Amino acid sequence: MKKILIIGATSAIAEATARLHAEDGDRLALIARNESHLEAVAQDLRQRGAESVSSFVMDANDFARHEEVLAAADESLGGIDFALIAHGTLPDQELCERSAQSMRDEFSTNCTSTLSLVTVLANMLEPRGAGSIGVITSVAGDRGRASNYVYGAAKGAVGLFLGGLRNRLHGSGVHVLTIKPGFVDTPMTADFSKGPLWATPSVIAKGIRSAQKRRRDVVHLPGFWLMIMLLIRLIPERIFKRLSI
Amino acid sequence: MTEEPRYGSWGGLQEGRSRRELRLAWRDDRLPEEALSDSSCLCHGNGRSYGDSCLNDGATLMSTRGMDRVIDFDPATGAFECEPGLLIKELLEITVPHGWFSPVVPGTQFVTIGGAVANDIHGKNHHLAGSFGSHVLSFELLRSDGSRLTCSESENPELFRGTIGGLGLTGLITRIRFRLKHVPGAHIEQEKHVFRNLSQFFEMTEELENRFEHTVAWIDCLSKGRSLGRGIMMCGNHASGSSLKAPRAGLLRSVPLTPPFTLVNAPMIRAFNEVYFQKNALSAGSSLIHHRPFFFPLDGVENWNRIYGRRGFHQYQCVIPHGAAEDAIGDMLKRIRRSRAGSFLAVLKRMGSQKPAGILSFSRPGVTLALDFSNHGAPTLELLEDLDRITRSSGGVVYCAKDARMSPESFQSYYPQWRELERLRDPAFNSSFWRRVTKDLS
Ligand SMILES: Cc1cc2nc3c(=O)[nH]c(=O)nc-3n(C[C@H](O)[C@H](O)[C@H](O)COP(=O)(O)OP(=O)(O)OC[C@H]3O[C@@H](n4cnc5c(N)ncnc54)[C@H](O)[C@@H]3O)c2cc1C
Ligand SMILES: NC(=O)c1ccc[n+]([C@@H]2O[C@H](COP(=O)([O-])OP(=O)(O)OC[C@H]3O[C@@H](n4cnc5c(N)ncnc54)[C@H](OP(=O)(O)O)[C@@H]3O)[C@@H](O)[C@H]2O)c1
Numbered sequence: 001m002k003k004i005l006i007i008g009a010t011s012a013i014a015e016a017t018a019r020l021h022a023e024d025g026d027r028l029a030l031i032a033r034n035e036s037h038l039e040a041v042a043q044d045l046r047q048r049g050a051e052s053v054s055s056f057v058m059d060a061n062d063f064a065r066h067e068e069v070l071a072a073a074d075e076s077l078g079g080i081d082f083a084l085i086a087h088g089t090l091p092d093q094e095l096c097e098r099s100a101q102s103m104r105d106e107f108s109t110n111c112t113s114t115l116s117l118v119t120v121l122a123n124m125l126e127p128r129g130a131g132s133i134g135v136i137t138s139v140a141g142d143r144g145r146a147s148n149y150v151y152g153a154a155k156g157a158v159g160l161f162l163g164g165l166r167n168r169l170h171g172s173g174v175h176v177l178t179i180k181p182g183f184v185d186t187p188m189t190a191d192f193s194k195g196p197l198w199a200t201p202s203v204i205a206k207g208i209r210s211a212q213k214r215r216r217d218v219v220h221l222p223g224f225w226l227m228i229m230l231l232i233r234l235i236p237e238r239i240f241k242r243l244s245i
Numbered sequence: 246m247t248e249e250p251r252y253g254s255w256g257g258l259q260e261g262r263s264r265r266e267l268r269l270a271w272r273d274d275r276l277p278e279e280a281l282s283d284s285s286c287l288c289h290g291n292g293r294s295y296g297d298s299c300l301n302d303g304a305t306l307m308s309t310r311g312m313d314r315v316i317d318f319d320p321a322t323g324a325f326e327c328e329p330g331l332l333i334k335e336l337l338e339i340t341v342p343h344g345w346f347s348p349v350v351p352g353t354q355f356v357t358i359g360g361a362v363a364n365d366i367h368g369k370n371h372h373l374a375g376s377f378g379s380h381v382l383s384f385e386l387l388r389s390d391g392s393r394l395t396c397s398e399s400e401n402p403e404l405f406r407g408t409i410g411g412l413g414l415t416g417l418i419t420r421i422r423f424r425l426k427h428v429p430g431a432h433i434e435q436e437k438h439v440f441r442n443l444s445q446f447f448e449m450t451e452e453l454e455n456r457f458e459h460t461v462a463w464i465d466c467l468s469k470g471r472s473l474g475r476g477i478m479m480c481g482n483h484a485s486g487s488s489l490k491a492p493r494a495g496l497l498r499s500v501p502l503t504p505p506f507t508l509v510n511a512p513m514i515r516a517f518n519e520v521y522f523q524k525n526a527l528s529a530g531s532s533l534i535h536h537r538p539f540f541f542p543l544d545g546v547e548n549w550n551r552i553y554g555r556r557g558f559h560q561y562q563c564v565i566p567h568g569a570a571e572d573a574i575g576d577m578l579k580r581i582r583r584s585r586a587g588s589f590l591a592v593l594k595r596m597g598s599q600k601p602a603g604i605l606s607f608s609r610p611g612v613t614l615a616l617d618f619s620n621h622g623a624p625t626l627e628l629l630e631d632l633d634r635i636t637r638s639s640g641g642v643v644y645c646a647k648d649a650r651m652s653p654e655s656f657q658s659y660y661p662q663w664r665e666l667e668r669l670r671d672p673a674f675n676s677s678f679w680r681r682v683t684k685d686l687s
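Chain order of the listed sequences is A and B.
If you're matching positions, the first sequence starts at 1 in this note's numbering and goes up one per residue.
If you're matching positions, the second sequence starts at 246 in this note's numbering and goes up one per residue.
Calculated directly from the structure, the hints in this document are not laboratory data.
The structure displayed is predicted, hence computed values, not measured ones.
Now the stretches of chain B that chain A is said to cover, found in silico as 3 or more residues with beta-carbon under 8 Å:
hint: 1; stretch: 263-270
hint: 2; stretch: 313-327
Calculated pairs, DSS-like style, for lysine-lysine (alpha carbon to alpha carbon, straight line, at most 27 Å):
hint: 3; chain 1: A; residue 1: K194; chain 2: B; residue 2: K334
hint: 4; chain 1: A; residue 1: K206; chain 2: A; residue 2: K2
hint: 5; chain 1: B; residue 1: K334; chain 2: B; residue 2: K437
hint: 6; chain 1: A; residue 1: K194; chain 2: A; residue 2: K206
hint: 7; chain 1: B; residue 1: K426; chain 2: B; residue 2: K437
hint: 8; chain 1: B; residue 1: K334; chain 2: A; residue 2: K206
Glycine included, C-beta positions come from ideal geometry on N, C-alpha and C.
Using the sequences and the hints, build the whole thing.
Here it is as structure tokens:
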């Protein structure tokens with residue numbers, strides 16, 4: 001039995017990951033902002049074999065409550081083996097270009113709130129010398145593109161932050177996992193037309209579980225995105241700035 | 246190459262496509278504004294209906310697959326409640342380890358519970374258990390006016406009977422509570438019996454139904470003369486034996502793409518039928534097997550429907566009242582032989598005498614025959630029209646879940662009670678099928 005904390009537990013990717021843990025009989029604590037959705041997820045996980053499921057309603061942008069809610073979740077679990085941070089939004093890029101306020105709000109949801117949560121978690125786990133912290137970033141964070149650079153910058157910043165944290169915690173026993181999914185068919189991407197590069201949440205969930213077990217540092221999910229992003233990163237900026245991809 | 250519609254149907258015949266495809270994720274959310282402002286909307290489960298009853302050309306389809314949560318499961322009583330997008334496959338994975346099985350399963354485990362209710366599906370145990378709808382305790386229906394109605398035999402009984410077998414037309418089912426069936430394990434004690442012609446089938450079937458909870462027959466639809474309608478009767482009872490592992494998938498696990506033309510032709514069907522018959526005749530007798538190959542033999546090959554090529558295929562399924570069944574089915578087999586069309590999968594089953602659970606339910610006392618045909622356009626439609634003539638004159642009906650072509654005349658004579666469903670239909674819901682078959686005949 002493992003003790004699993006999930007923030008943004010109503011996300012499709014998070015829910016698929018939670019189901020794998022429920023089937024293993026793990027103990028879960030869930031945090032999300034929509035109470036009725038959260039309750040539907042928790043109820044389902046109980047029926048699928050979770051040892052127990054506790055749930056906490058919190059908006060990730062409610063910074064003042066981070067410590068209190070994480071402490072309560074930690075207590076309900078009796079410790080944390082794996083904390084997964086999954087919440088996020090796909091910003092309206094055009095709106096963020098016109099409105100600095102919208103841009104800041106999106107940055108808060110997709111970057112600052114995550115950094116705050118990770119900081120609290122790291123400080124909880126470091127003295128215990130054990131546990132994993134996994135954060136879902138994105139391949140979009142690898143390169144700035146006109147079509148979604150607010151989202152990309154937020155995810156990229158989280159990735160950089162996690163690299164530093166991993167460096168800091170190296171040797172402490174605490175594992176830091178950066179999860180970079182490619183295109184995933186979830187409510188977040190409902191309006192996109194789908195092609196062969198798209199993966200289902202359950203494929204991503206299996207990748208997350210296995211990366212956590214194997215204590216990987218950074219994973220692209222599915223794995224082929226590593227190659228794609230290597231190539232994309234190789235394109236010189238002087239050429240990249242002319243492209244629309 | 247034209248882009249394949251995302252939410253299709255199993256026969257791959259559709260030409261039009263929906264204007265908008267939405268996904269539903271949460272049972273307590275309201276119906277999406279975009280759906281309500283379109284000319285109509287319809288739920289799409291997992292697209293295992295063959296024709297156009299799960300399609301809504303030019304308007305909105307709403308996938309329910311994201312609503313796949315379990316709400317309640319009591320392993321002491323076998324009461325189960327879930328959202329409508331849960332697949333039978335997922336249900337069985339959760340309940341079989343606790344000794345509970347779906348009360349009714351179709352020939353594939355890839356259908357949703359919502360789809361099972363909306364078509365009031367039947368299975369190999371129809372002679373004992375009736376259809377899926379008769380095991381439903383209650384469900385919640387979300388209507389376009391925003392109301393949420395609990396429906397059961399005692400609460401909103403009209404909508405209860407209208408929604409079971411109601412082709413998704415009465416609104417969105419958001420949660421379903423039903424009774425599971427207790428089983429001793431994950432296995433089936435199977436017996437296979439050969440019948441040399443159609444009348445032998447009719448002689449043996451009743452005795453086998455008394456001994457077995459599940460029965461179904463495969464018939465060789467290209468056999469002729471004295472062997473007309475020869476086949477294999479497959480029977481089974483639930484058994485323990487969980488020590489046996491689920492079988493591994495065979496060599497061909499998936500048909501990766503749709504070939505431009507059908508791979509199913511007469512010589513191939515003839516060869517297949519001959520080999521299949523002889524192989525099963527040799528292996529007749531009893532054996533203990535996992536429930537999956539027994540109930541879902543076709544699920545071993547993903548997307549097997551693609552072998553029919555880009556033009557797709559039709560399934561024809563009818564049920565003929567007992568008295569007329571032997572003659573009518575004999576006539577159909579002769580007509581099919583003449584067309585040289587043939588069908589891989591010709592399935593025959595005697596149904597029980599239970600009262601249909603829904604207003605428009607298909608299953609009823611009689612003998613049901615199901616056949617698949619490559620779509621060759623006009624000749625195929627002619628053949629199916631001829632089969633309809635036989636069905637109509639013998640007092641039978643055709644299964645809406647399988648249909649893509651029956652005429653409004655045929656439909657309205659099979660289901661004269663359709664106006665009752667039309668009255669209960671949610672004004673915002675409609676389907677390609679419903680528009681096609683309810684055309685005014687005057
Ligand atoms: C290989 C194979 C074998 C089969 N064998 C059998 C069999 O033995 N017996 C049998 O009876 N059928 C059989 N079928 C047919 C199949 O069981 C039915 O067509 C079933 O309804 C398909 O379910 P689905 O989830 O794919 O739903 P879809 O085909 O996507 O939709 C079916 C209907 O359900 C409605 N619906 C879905 N969800 C909801 C909801 N939440 N609220 C309201 N309406 C909803 C849709 O609007 C539509 O009208 C078989 C099909 C295949 C492909
Ligand atoms: N889908 C993709 O293609 C893709 C690709 C790469 C990375 N990702 C990342 O994967 C993660 C999961 O996304 P998903 O694809 O599973 O999409 P999703 O189902 O839409 O999940 C996003 C979740 O984030 C929650 N959320 C948003 N803002 C929040 C806030 N302020 N406080 C608390 N929760 C908040 C949402 O809650 P509500 O439902 O209450 O709004 C929702 O549950 C995200 O970080 C996303 O950026 C997704």
